[in-house]
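Colleague: Chain by chain, the residues run as shown.
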Amino acid sequence: MSTLTEQYSVTADTNTQSRTKHYGMIIDLTKCLGCQTCTVACKVFHGLGPEIVRVRVVEQEIGKYPDVERLYIPLRCMHCDEPECLKACPTGATKKRPDGIVTVDKDECMGCRYCSVVCPYQARSFLATPKRYFPENGDHWEDHRYREHQVGTMDKCDFCKDRIDRGIKKGLVPGIDPDATPICVVSCIGKALYFGDLNDPESPASKALARYEHFRLKEELGTKPSIYYLPRRRQK
Amino acid sequence: MIKTIREDLIFQKDWAGKGERGLRDQMLMPAIFFGAISPGLYLSSLFTDFIAGLWASIFLNIFGYGVTHLLYLGKMERFWRGLFNIRQSWISRGLLFNILFTITSTLYLVITGFTAVSDTSSIVLTLKWASILSGILFLAYPGFMLSFVKAIPFWHSAVEPALFFLQGLLGGTAMELLLGVLYGGLDTTAWNALIKVNYILLLAVLIIILSALIVKALHTEAERASVRYLLGMHPDPERARDGALFLYGALISGLIFPLCVIGFQIIVSKTAPVLLYFALTVELVGIYFAKYGFIRAGAYTPVSKGQLRP
Chain C
0 MSTLTEQYSV TADTNTQSRT KHYGMIIDLT KCLGCQTCTV ACKVFHGLGP
50 EIVRVRVVEQ EIGKYPDVER LYIPLRCMHC DEPECLKACP TGATKKRPDG
100 IVTVDKDECM GCRYCSVVCP YQARSFLATP KRYFPENGDH WEDHRYREHQ
150 VGTMDKCDFC KDRIDRGIKK GLVPGIDPDA TPICVVSCIG KALYFGDLND
200 PESPASKALA RYEHFRLKEE LGTKPSIYYL PRRRQK
Chain D
0 MIKTIREDLI FQKDWAGKGE RGLRDQMLMP AIFFGAISPG LYLSSLFTDF
50 IAGLWASIFL NIFGYGVTHL LYLGKMERFW RGLFNIRQSW ISRGLLFNIL
100 FTITSTLYLV ITGFTAVSDT SSIVLTLKWA SILSGILFLA YPGFMLSFVK
150 AIPFWHSAVE PALFFLQGLL GGTAMELLLG VLYGGLDTTA WNALIKVNYI
200 LLLAVLIIIL SALIVKALHT EAERASVRYL LGMHPDPERA RDGALFLYGA
250 LISGLIFPLC VIGFQIIVSK TAPVLLYFAL TVELVGIYFA KYGFIRAGAY
300 TPVSKGQLRP
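Those protein sequences? They're chains C and D, same order as listed.
The opening residue of the first sequence carries number 0 in numbering that gives the first Met the number 0; numbering runs sequentially from there.
The opening residue of the second sequence carries number 0 in numbering that gives the first Met the number 0; numbering runs sequentially from there.
Any given hint could be a false lead.
Derived Cβ-Cβ restraints for the label pairs, each shown as a range [unchecked claim]: (1) C/C34 x D/L69: 40 to 46 angstroms; (2) D/Q25 x C/L32: 37 to 43 angstroms; (3) D/R238 x C/L32: 39 to 45 angstroms; (4) D/I98 x C/E81: 55 to 61 angstroms; (5) C/C34 x D/I98: 48 to 54 angstroms; (6) C/E218 x D/P234: 27 to 33 angstroms; (7) D/L22 x C/K190: 23 to 29 angstroms; (8) D/W79 x C/D178: 27 to 33 angstroms; (9) D/L22 x C/D178: 43 to 49 angstroms.
Below 35 angstroms or equal to it, Euclidean Cα-Cα: the simulated DSBU-like pairs (lysine-lysine) are [stated by the list, open to error]: (10) C/K105 x D/K195; (11) D/K12 x C/K86; (12) D/K127 x C/K105; (13) D/K195 x C/K86; (14) C/K63 x C/K130; (15) C/K42 x D/K74; (16) D/K149 x C/K130; (17) C/K105 x D/K12.
If you want the ones that stay clear, here's a sample from chain C, every Cβ over 12 angstroms from chain D, calculated [unchecked claim]: (18) G46; (19) E58; (20) G91; (21) R123; (22) T222.
Calculated directly from the structure, the hints in this document are not laboratory data.
Positions of the beta carbon are idealized from the N, C-alpha and C atoms, including for glycine.
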């Protein structure tokens, strides 16, 4: 199986460590099949119970007969530059890392759910009970991942920050090397997701942005999301 | 689950929803209700010097608001962390206003009720004005908390703070009138003044709600969905029931019916007392349903279709 490095024919920029990083994701709506593999991969990898959805794919029918099409729009935490959840969080449990990733510190969250209410993308879930899909048949991986979640706190996509951090320590490049890339990007069967440092012009995400017309969801709210979409019909 | 991950136009489910934790997830609505009634009753009772009302407001604040709110939290033992973001978060500010209100109002009552300190002494006057100020802020904060939410256009307007503030005062006056009947101690002058204030507040709240519904129905798709929700037009029977509660419980029984009864009382002064007390009671129930409806009807702005296919 070829690595993403081979697919994109991009060499890792060794000087990126000194530059401010801003991780982001590009979602190509032309390639998204609506298969929900990203949803399931995320659930399996992070051991998420039935109450938590970090990634979801909404369906929309647009146009009028006979010019109708069905679109699949993957939604998740947009890791906004101006996150509403950060302003709303009363405890300071919601944090924004210097690389742009928005996280929730589960040891500080008090479970008021204001962050979930204010999020324009409905990207947060509340873990109300320790429910599991298969409580009797859980394997070692599931047991390990379930222990990381705290009942009574909020949960959201964190761009698989542990994978990214571990990968960087090994000298890998997020978005290029699968072991340092969010699991949804690695698992996407349509190759509709690109990830990388938006400040690095050589990253797959920056290359996709430079190549295609793009937009961000609900930009009018001023949240400045770090997730860009490539529309269904490309202009150039 | 499948429906949830595929839906686009959705209503908020985090607050006042059924939830997985049973009764604990239902605790937010009593907290919001008593969080409005308690400072409203305090301010109203202070205005008429009604001691029973002042003590009742403290009781409602601690048990009606405080305990229920704690039960609602996912990690109630961490509630103190809620004070960490006062600069930006309305929840933090609300917690601060509540703590200040609880301390100043309790101290004011204890000092004026159980010590020989004069009512005109500087400490009593300071506590009195501090409790009034914190009470007003505590009364208004849930409205600001909702209007801060840009993602839900139905809430994101200047109407919410005004509405929540007036509803609190309305509930406070209604509660004081009922307590006056139950415990006595409310003289005729105070009673007549409160009835008139209550009537004006009823009228103001009704006008605000109706004008808000009309204006919002003409705005965005999400706001129209919220208005339709409140009018009981949601296809899901459970959510349509919320609309019926708002329409019949909050608007007709909670505002229009008391408006007629109290208006009749003010003009003719011959209303049967039982009917008047009933009107005041349904007024309180109506405030609960109005707040419940407004919170449940919050619909998120859907993804813009124009963006998806330029």
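Colleague: Take the hints in turn and mark each one as holding or not.
Modeller: Structure-based check of each hint:
A hinted range of 40 to 46 angstroms holds for the C-beta pair C/C34 and D/L69, which are about 43 angstroms apart. Remark: the range hint 37 to 43 angstroms for D/Q25 to C/L32 is upheld by a beta-carbon distance near 40 angstroms. Distance hint check: the CB atoms of D/R238 and C/L32 are about 31 angstroms apart, inconsistent with the given range 39 to 45 angstroms. Judged by the Cβ atoms, the range 55 to 61 angstroms given for D/I98 and C/E81 is violated: they are separated by roughly 29 angstroms.
The beta-carbon spacing between C/C34 and D/I98, approximately 50 angstroms, falls within the hinted interval of 48 to 54 angstroms. The hinted range of 27 to 33 angstroms is satisfied by C/E218 and D/P234, whose Cβ atoms lie roughly 30 angstroms apart. Under the hint 23 to 29 angstroms, the C-beta atoms of D/L22 and C/K190, about 47 angstroms apart, miss the expected range. Hint check: D/W79 to C/D178, Cβ distance near 40 angstroms, so the stated range 27 to 33 angstroms is violated.
Hint check: D/L22 to C/D178, Cβ distance near 45 angstroms, so the stated range 43 to 49 angstroms holds. Proposed proximity of C/K105 and D/K195 is contradicted: the alpha carbons are some 50 angstroms apart, above 35 angstroms. Distance check on the hinted pair: D/K12 and C/K86 sit about 20 angstroms apart at the alpha-carbon level, within 35 angstroms; holds. For the proposed pair D/K127 and C/K105, the alpha carbon gap of about 40 angstroms is over 35 angstroms, so the pair is violated.
Our distance criterion of 35 angstroms between C-alpha atoms is broken by D/K195 and C/K86, whose separation comes to about 41 angstroms. For the suggested pair C/K63 and C/K130, the alpha carbons sit about 42 angstroms apart, so the restraint of at most 35 angstroms is broken. Among the hinted pairs, C/K42 with D/K74 is consistent with the structure: their alpha-carbon atoms are about 24 angstroms apart, no more than 35 angstroms. Proposed proximity of D/K149 and C/K130 is supported: the alpha carbons are some 32 angstroms apart, at most 35 angstroms.
With a CA separation close to 21 angstroms, the supplied pair C/K105 and D/K12 stays within the 35 angstroms bound. At roughly 16 angstroms from the closest C-beta of chain D, the C-beta of C/G46 stays outside 12 angstroms, upholding its exclusion from the interface. At the 12 angstroms boundary, the C-beta of C/E58 falls inside the reach of chain D, the nearest C-beta of that chain being 5 angstroms off. Listed as a non-interface residue, C/G91 fails to keep its Cβ farther than 12 angstroms from every Cβ of chain D; the least gap is roughly 4 angstroms.
Not every Cβ of chain D is farther than 12 angstroms from the Cβ of C/R123; the closest lies at roughly 8 angstroms, contradicting the non-interface assignment. The beta carbon of C/T222 is not kept farther than 12 angstroms from every beta carbon of chain D, the shortest such distance being approximately 8 angstroms.
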